[in-house]
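Following the hints, complete the assembly by docking chain B onto the known chain A.
Number of protein chains: 2
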Amino acid sequence: MKLGLAQINTTVGDLAGNAAILGEAYRHLCAAGAEIVVFPELALCGYPPRDLVFKTRFVKDTWDATVQLAGSIGEIPAVFGTLVANDSGHGRRVYNGAVYCKHGRILSTARKCLLPTYDVFDEDRYFESAAEPVIVEDLGLKIGITICEDIWTGPLVETSRHYEKDPVASLARRGVDLVINLSASPWQAGKTGVRTPIVERVAKMAEAPCVYCNAVGGNDELIFDGHSMVVGADGTLLAGLAGFAPECAVVDLAAETPALSPRFALDPYEEIHDALVLGLRDYAHKSGFKKAVLGLSGGIDSALTAVLAARALGPENVIGISLPSAISSGHSKSDAAALAKNLGIRYESVAIAGIVDAAEAALEKVFAGTQRDVAEENIQARARGLLLMAVSNKFGALLLTTGNKSEVSVGYCTLYGDMAGGLAVISDLFKMQVYGLSRWINRAGEVIPQNSIEKPPSAELRPGQTDQDSLPPYPVLDEILRRYVELGQSSAEIVAATGYDGATVRDIVRKVDRNEYKRKQAAPGLKISPLAFGVGRRIPIVQKYVP
Amino acid sequence: MKLGLAQINTTVGDLAGNAAILGEAYRHLCAAGAEIVVFPELALCGYPPRDLVFKTRFVKDTWDATVQLAGSIGEIPAVFGTLVANDSGHGRRVYNGAVYCKHGRILSTARKCLLPTYDVFDEDRYFESAAEPVIVEDLGLKIGITICEDIWTGPLVETSRHYEKDPVASLARRGVDLVINLSASPWQAGKTGVRTPIVERVAKMAEAPCVYCNAVGGNDELIFDGHSMVVGADGTLLAGLAGFAPECAVVDLAAETPALSPRFALDPYEEIHDALVLGLRDYAHKSGFKKAVLGLSGGIDSALTAVLAARALGPENVIGISLPSAISSGHSKSDAAALAKNLGIRYESVAIAGIVDAAEAALEKVFAGTQRDVAEENIQARARGLLLMAVSNKFGALLLTTGNKSEVSVGYCTLYGDMAGGLAVISDLFKMQVYGLSRWINRAGEVIPQNSIEKPPSAELRPGQTDQDSLPPYPVLDEILRRYVELGQSSAEIVAATGYDGATVRDIVRKVDRNEYKRKQAAPGLKISPLAFGVGRRIPIVQKYVP
Numbered sequence: 002m003k004l005g006l007a008q009i010n011t012t013v014g015d016l017a018g019n020a021a022i023l024g025e026a027y028r029h030l031c032a033a034g035a036e037i038v039v040f041p042e043l044a045l046c047g048y049p050p051r052d053l054v055f056k057t058r059f060v061k062d063t064w065d066a067t068v069q070l071a072g073s074i075g076e077i078p079a080v081f082g083t084l085v086a087n088d089s090g091h092g093r094r095v096y097n098g099a100v101y102c103k104h105g106r107i108l109s110t111a112r113k114c115l116l117p118t119y120d121v122f123d124e125d126r127y128f129e130s131a132a133e134p135v136i137v138e139d140l141g142l143k144i145g146i147t148i149c150e151d152i153w154t155g156p157l158v159e160t161s162r163h164y165e166k167d168p169v170a171s172l173a174r175r176g177v178d179l180v181i182n183l184s185a186s187p188w189q190a191g192k193t194g195v196r197t198p199i200v201e202r203v204a205k206m207a208e209a210p211c212v213y214c215n216a217v218g219g220n221d222e223l224i225f226d227g228h229s230m231v232v233g234a235d236g237t238l239l240a241g242l243a244g245f246a247p248e249c250a251v252v253d254l255a256a257e258t259p260a261l262s263p264r265f266a267l268d269p270y271e272e273i274h275d276a277l278v279l280g281l282r283d284y285a286h287k288s289g290f291k292k293a294v295l296g297l298s299g300g301i302d303s304a305l306t307a308v309l310a311a312r313a314l315g316p317e318n319v320i321g322i323s324l325p326s327a328i329s330s331g332h333s334k335s336d337a338a339a340l341a342k343n344l345g346i347r348y349e350s351v352a353i354a355g356i357v358d359a360a361e362a363a364l365e366k367v368f369a370g371t372q373r374d375v376a377e378e379n380i381q382a383r384a385r386g387l388l389l390m391a392v393s394n395k396f397g398a399l400l401l402t403t404g405n406k407s408e409v410s411v412g413y414c415t416l417y418g419d420m421a422g423g424l425a426v427i428s429d430l431f432k433m434q435v436y437g438l439s440r441w442i443n444r445a446g447e448v449i450p451q452n453s454i455e456k457p458p459s460a461e462l463r464p465g466q467t468d469q470d471s472l473p474p475y476p477v478l479d480e481i482l483r484r485y486v487e488l489g490q491s492s493a494e495i496v497a498a499t500g501y502d503g504a505t506v507r508d509i510v511r512k513v514d515r516n517e518y519k520r521k522q523a524a525p526g527l528k529i530s531p532l533a534f535g536v537g538r539r540i541p542i543v544q545k546y547v548p
Numbered sequence: 002m003k004l005g006l007a008q009i010n011t012t013v014g015d016l017a018g019n020a021a022i023l024g025e026a027y028r029h030l031c032a033a034g035a036e037i038v039v040f041p042e043l044a045l046c047g048y049p050p051r052d053l054v055f056k057t058r059f060v061k062d063t064w065d066a067t068v069q070l071a072g073s074i075g076e077i078p079a080v081f082g083t084l085v086a087n088d089s090g091h092g093r094r095v096y097n098g099a100v101y102c103k104h105g106r107i108l109s110t111a112r113k114c115l116l117p118t119y120d121v122f123d124e125d126r127y128f129e130s131a132a133e134p135v136i137v138e139d140l141g142l143k144i145g146i147t148i149c150e151d152i153w154t155g156p157l158v159e160t161s162r163h164y165e166k167d168p169v170a171s172l173a174r175r176g177v178d179l180v181i182n183l184s185a186s187p188w189q190a191g192k193t194g195v196r197t198p199i200v201e202r203v204a205k206m207a208e209a210p211c212v213y214c215n216a217v218g219g220n221d222e223l224i225f226d227g228h229s230m231v232v233g234a235d236g237t238l239l240a241g242l243a244g245f246a247p248e249c250a251v252v253d254l255a256a257e258t259p260a261l262s263p264r265f266a267l268d269p270y271e272e273i274h275d276a277l278v279l280g281l282r283d284y285a286h287k288s289g290f291k292k293a294v295l296g297l298s299g300g301i302d303s304a305l306t307a308v309l310a311a312r313a314l315g316p317e318n319v320i321g322i323s324l325p326s327a328i329s330s331g332h333s334k335s336d337a338a339a340l341a342k343n344l345g346i347r348y349e350s351v352a353i354a355g356i357v358d359a360a361e362a363a364l365e366k367v368f369a370g371t372q373r374d375v376a377e378e379n380i381q382a383r384a385r386g387l388l389l390m391a392v393s394n395k396f397g398a399l400l401l402t403t404g405n406k407s408e409v410s411v412g413y414c415t416l417y418g419d420m421a422g423g424l425a426v427i428s429d430l431f432k433m434q435v436y437g438l439s440r441w442i443n444r445a446g447e448v449i450p451q452n453s454i455e456k457p458p459s460a461e462l463r464p465g466q467t468d469q470d471s472l473p474p475y476p477v478l479d480e481i482l483r484r485y486v487e488l489g490q491s492s493a494e495i496v497a498a499t500g501y502d503g504a505t506v507r508d509i510v511r512k513v514d515r516n517e518y519k520r521k522q523a524a525p526g527l528k529i530s531p532l533a534f535g536v537g538r539r540i541p542i543v544q545k546y547v548p
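Protein sequence lines, in the order shown, are assigned to chains A and B.
Each residue of the first sequence is one higher than the one before, starting from 2 at the first, in my numbering.
Each residue of the second sequence is one higher than the one before, starting from 2 at the first, in my numbering.
This is chain A alone, in the form it adopts within the complex (with noise of 0.2 Å):
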């Protein structure tokens, strides 16, 4: 059995663009001796589609198109991800579906049983549930087709607890030669090391091979790695695709030696490294910017930024800018200047002062009698703030925010300032793992300027302020924080658990709680870890819970 994955990057709403990337990918698996073609989760409408699919025409226009795209599938059949309309009138009115297509026709539908509603997933807000995989006989095998959720099942996974049903003990009671899943399966630091047994747990349960086709690319926030695989039935791992590249590929399960991709198990900041450039590319390129522009103060956020940036986009398309301030320090420029160097982008030096000292004049008479304070701090991030602004819309160029998680943590950013863009890097990476990160990227020679990585963090709003001056180390505010963001621990739990001083971490946490207004209106940010800031981590703005 020779088993075609079209393990496919699309675009969410694209029905026309999607379809011919399917249609390719189709033609290209059958010429390489496919004998039967799997798609990713909603693959022709791009996942996640989100409240589109709430738009009356939405759904029927994404089953013209399916029906349209089964019309073009010929003997070697085929099985998408779509979306399927609930006529019964009684729940919601879609299913998370799927199509198994051949001659031309859909010969089966199948639909999504479990649903994920928790992180980033709102599936319940959208779909209806059905109550076990479908089971399609073709091929002279039945082919049991389960959607990504559905296989994520027994003691492995603490979400099952959320679900009654378990769509692969049905597929091992009911019986099957070939178990399918459809994904688009976000990925984050350490995804794949999970994802591999889970499917290797279905193909032992079911007795038979696991197809686990991936969706990758980037979507919003979301970063879907591929990785795709096939298990054989016991249990053990034949192919693994590409990591964060689309990859078509034929697994034959006769095949005697595995064919893992050399892209299957990557050191875990190649990883984090690779997820961020698709993520960057994809998010840039598929909301029509071919440029971005970023502020390069010297220090490794924006250069640790401005590097994926170039790797995205191509260093000819990233324009960094450097917005000294008289309180900047030499080595911020210099620094800056080097950075764009090594990586050949386009490098411009713009002065902040005379913004600066217009708005302190403007504010003159407003402002009588009260002492300087952060809103004069602000003002320097705010000048920033609206140069780099104006430079995105003269040159069409996406702006790139540089704050990493531990800032945007504690809120040691300012809103409209340093946090102004469109796409926010690196603020799902704490700080220590933008130092190794960088330090990865530096591995076999400079890159990133040696000082920027080793020189003290600075926010360079007052003289000779350091990070260090108001915040414990940085290692130690890491672990604070993704006990207190990540696990949603108290600092009394922090304090048992680290040793840590427990003023510190009191201190850490209501900063963390002070500052989600901010983190309201900050860019979408890249999704690298269990727990983000952004979709998946919803904190009332005003709220005054204190354990």
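Mixed in with the good hints, there may be bad ones.
[Claimed, not checked] Here are the computed lysine-lysine pairs in the DSSO-like style, where the Cα-Cα straight-line distance is at most 30 Å: (1) K61/A with K519/B; (2) K512/B with K521/A; (3) K521/B with K545/A; (4) K61/B with K292/A; (5) K521/B with K512/A; (6) K61/B with K545/A; (7) K61/B with K166/A; (8) K292/A with K166/B; (9) K545/A with K512/B; (10) K395/A with K291/B; (11) K512/B with K519/A; (12) K545/B with K291/A; (13) K395/B with K512/A; (14) K192/A with K545/B; (15) K166/A with K205/A; (16) K366/B with K545/A; (17) K366/A with K166/B; (18) K334/A with K366/B; (19) K291/B with K545/A; (20) K521/B with K61/A; (21) K166/B with K61/A; (22) K521/A with K521/B; (23) K395/A with K166/B; (24) K366/B with K521/A; (25) K366/A with K395/B; (26) K342/A with K545/B.
These are calculated hints, taken from the structure and not from any lab test.
Structure of chain B alone, referenced to chain A:
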């Protein structure tokens, strides 16, 4: 039977503060002769708690506060909403519940059956659902306890199709003498008229009186309007409490004349006015702001926002700032000054020319050889944002944004410019509603300068510019937007329904789609429509759907 309704205003997460409010209301109603006291949904922890529910300590702390509050309940029973743990090991870990307390103990625990997961609601994300509502036997009565959505069933309620069970039918079948409903039902224009028949139907189906106790107050985007009520067993509305204000009232089921609050049936614009004043006041006060600041352009949007702010916070706590540019017309300044005088708010004028000139000078080299365009227009708007934020930071005043829903829909607003601010007060009012509400405010004399109402709207970013240069007349625009944004209709459907020019409709629809990225970074906006931008509308930023 004398029913005590505690229509109170609690804050999300403020367990101690909320417990004090509940305790005081209980004592007050007992003293006023109540034989049972009913509170709103999740009154103790505040609604909606959103992802606070996932914090490891939050559910436990809420339960500890529940037990403590129960300990203070005497002979007169009280029913209040609170989080109830699900210790079964299956399903979500928490119920949206309520406790029936008496003699210092919890006699019974209620659990919500129907979990709204649409619009602004995500209850499937958080809660396990109960099979049917509990019936408590006390006071010689069988008392059925339902929570909010539990009674939104039957043919009048479109969303009832989501559910397989009907808690009201369950109570009717099992037989009850009294139905209690604890609600936190967010307001939207016209909601009161929809809600009363729902409660009347419950009483008729159950053949028992129904006590509907709704929360009041603003929490983030949502405004809870109160309007609690008691309906007799025959479906007659016996009593209605205040709208948009806390009220504790005892309703005697044996009384012969209904006791409707005069505020139970307000003028539609009076309702919107009261809702926005409440929402603005609570957003500011619950997040610790006493003062607000806003830019006064002389136009109707900022004038209306200023009126609402002065009424919510007191005129002495509002700062209005005129930010004229070289392009600003003379009436921009004089209308703004006249408004400030009418309201008695602090008024300042800060010129932006210096900042604009300094920014253009700083960018001269980078912009060499380019044409003047939207980049320069936006510098003006962002100079205003920078100045207003400086005033906000300096004086600890909440910056209010003044954009309306028509502008925000089509992207006639500048990120980090006029969109800068902590709360969008009128972002859910279409422009024609802005006119309507402004005229209502002026019904007994000029508050908003008549010139601000009558002159053609203009962003004044180019000389002589008016909104109507590039948009259809506002009555047409608003109708297109209402159909596209709120009803999800396609361009073709809108043209078919209205007869508007197809090219115009398609142009507006494109503008809405293209500006999703701006709304992603908008300040939270007070919701008054069936579908507001914000948590209830989740359109992908990067998407290419065209019907």
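To see whether the hints hold, each was checked on the structure:
Distance hint between K61/A and K519/B is fulfilled; the C-alpha atoms sit about 28 Å from each other, no more than 30 Å. Restraint check for K512/B and K521/A: the C-alpha separation of about 23 Å stays at or below 30 Å, so the hint holds. Simply put, K521/B and K545/A have alpha-carbon atoms about 25 Å apart, close enough for the 30 Å limit, and the pair holds. Proposed proximity of K61/B and K292/A is contradicted: the alpha carbons are some 50 Å apart, above 30 Å.
Between K521/B and K512/A, the direct Cα distance comes to roughly 23 Å. Compliance with the 30 Å bound is thereby established for this hinted pair. A threshold of 30 Å between alpha carbons decides the hint, and for K61/B with K545/A the separation of about 16 Å falls inside it, so the pair holds. Straight-line distance between C-alpha atoms of K61/B and K166/A comes to about 29 Å, which keeps the hinted pair within the 30 Å bound. At roughly 53 Å between alpha-carbon atoms, K292/A and K166/B are farther apart than 30 Å, so this suggested pair is violated.
For the suggested pair K545/A and K512/B, the alpha carbons sit about 38 Å apart, so the restraint of at most 30 Å is broken. As the CA atoms of K395/A and K291/B are separated by approximately 39 Å, the hinted pair breaks the 30 Å bound. Pair hint K512/B plus K519/A holds up; C-alpha atoms about 26 Å apart against a cutoff of 30 Å. Annotation: proposed proximity of K545/B to K291/A holds, straight-line Cα distance about 17 Å (limit 30 Å).
Using a Cα cut-off of 30 Å, the hinted pair K395/B and K512/A holds, with the two alpha carbons roughly 19 Å apart. A threshold of 30 Å between alpha carbons decides the hint, and for K192/A with K545/B the separation of about 28 Å falls inside it, so the pair holds. Under the criterion of a C-alpha separation no larger than 30 Å, the hint pairing K166/A with K205/A is consistent with the structure, at around 19 Å. Under the criterion of a C-alpha separation no larger than 30 Å, the hint pairing K366/B with K545/A is inconsistent with the structure, at around 49 Å.
Taking the CA atoms of K366/A and K166/B, the gap is near 65 Å; set against the 30 Å cutoff, the hint is violated. Between the alpha carbons of K334/A and K366/B the distance comes to roughly 18 Å, so the proposed pair stays at or under 30 Å and holds. For the given pair, K291/B sits about 17 Å from K545/A by alpha-carbon distance, which is consistent with the 30 Å threshold. With a C-alpha separation of about 27 Å, the suggested pairing of K521/B with K61/A holds against the 30 Å cut-off.
Simply put, K166/B and K61/A have alpha-carbon atoms about 29 Å apart, close enough for the 30 Å limit, and the pair holds. Between K521/A and K521/B the CA atoms are separated by roughly 8 Å; this keeps the pair inside 30 Å, and the hint holds. Between K395/A and K166/B the alpha-carbon distance is near 57 Å, which puts this suggested pair outside the 30 Å criterion. Distance hint between K366/B and K521/A is unfulfilled; the C-alpha atoms sit about 35 Å from each other, more than 30 Å.
For a cut-off of 30 Å, the pair hint linking K366/A to K395/B stands: about 13 Å separates their Cα positions. Between K342/A and K545/B the alpha-carbon distance is near 36 Å, which puts this suggested pair outside the 30 Å criterion.
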